[in-house]
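Each chain, letter by letter, is given below.
Protein chains: 2
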Amino acid sequence: MSPSELLQSLQFRYATKQFDPAATISNDAWSVLEQSLHLAPSSFGLQPWKFLVIDSPAIRSELRECSWNQGQVTDAARLVVFAARTDLTDVDIDRFIQCLATAQGKTPTDLSGYRDIVHGFANRMTPEVRHAWNIRQTYIALGQLMASAAAIGIDTCPLEGIDAAAYDKILGLAESGYATAVACAIGYRSSDDKYAEMPKARFPITEVIEHR
Amino acid sequence: MSPSELLQSLQFRYATKQFDPAATISNDAWSVLEQSLHLAPSSFGLQPWKFLVIDSPAIRSELRECSWNQGQVTDAARLVVFAARTDLTDVDIDRFIQCLATAQGKTPTDLSGYRDIVHGFANRMTPEVRHAWNIRQTYIALGQLMASAAAIGIDTCPLEGIDAAAYDKILGLAESGYATAVACAIGYRSSDDKYAEMPKARFPITEVIEHR
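Chains B and L, in that order, are what the protein sequence lines are.
Each residue of the first sequence is one higher than the last, beginning at 16 in the numbering used here.
Each residue of the second sequence is one higher than the last, beginning at 16 in the numbering used here.
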């Protein structure tokens, strides 16, 4: 992709208010968007998250009631709920170190130096701070997902105005060690969405980007 | 960009450890990456952030000392520090509403309903929670920036292991109402970076992505 094509895709993206409920995402495109989530960067590579793709129309209706009745929750082709680990324990870290060792053809013992660094970093935080840290990681995945979708002409709407506790209950996350952080609707804009044509509102770039 | 080209760009991306210090980013490409920051999505469109591009080698050396001596801080073509608003006051919201009104050819009074919703949302939070909310928004911009760079063949490394308070001091943010959240090095990988060839370590996709 050239820089000017990238610019077009950045300008194409907007927070879609009205999705076309009849428009579906091809399996090819959806599978790559799942890879965008799966391959998203996270601190130390820890992946302190789960991504719940809500296929059930009944569950989506229930979630809509806990989302200020936003139509995107039911009307978009896909809905992803980003859940963050509520803590980051030694068990989580060792599970990741095992995953890293397997990928690199090593043993966890080979990676004990890295393991100690990650343990040290995590253990300096309280459980609440670790949860907040994990939530921030899900926002990296959210940003990557929205940019990825735009690059292939697919629309998104991030959904922060949701009742996360109610989502947890509906999705059965209560005792899972994961909690809803944010959600994202993904699909194709309706031709009726007047927001698609509105100019973007941004502060002057010279106020937002400073050089030092 | 096709889904398979997107997949290639997602696989191209990795947390670059060694940048080629001689490789610069073309003005065309850099200007679009600045647009990726400028156009990044944020809650309500509030843009509670500043992006500091650190051009000065002297400042980058100082920052490196507060970044566990990570070479990316000085060696990458570009370094961006993501600073979040430390609060979100009525003044911030009204400034945004003015920006939105200007973009849409309206007056702030025309948008008073929207203004009240945003005020209500922000005023239910404590200042600390508003700061945390703003920090999360900068992670959306970080995710979009890394995905954007990869789409045009440019490497990145997110930098969370930094002494944010020391950054604030060096960058003169102390009394500015903004505070360092995270940073990102951007440039081209060195041919010596052995991490470029390592397989990605990811939990099985069926563990990370669940369908409901």
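Everything labelled a hint here was simulated from the structure, so no lab data went into it.
You may find that some hints are simply not true.
Just so you know, same-sequence chains aren't split out, so a pair can sit in one copy or run between any two.
Simulated crosslink set (DSS-like; lysine-lysine; CA at most 30 angstroms straight-line) [to be verified]:
1) Lys121 x Lys209
2) Lys121 x Lys184
3) Lys215 x Lys184
4) Lys209 x Lys184
5) Lys121 x Lys215
6) Lys121 x Lys32
7) Lys209 x Lys32
8) Lys184 x Lys32
The model shown is predicted, which means the values in this text are computed figures rather than measured ones.
Violated hints, by number in ascending order, as checked against the structure: Numbers 2, 3, 4, in rising order.
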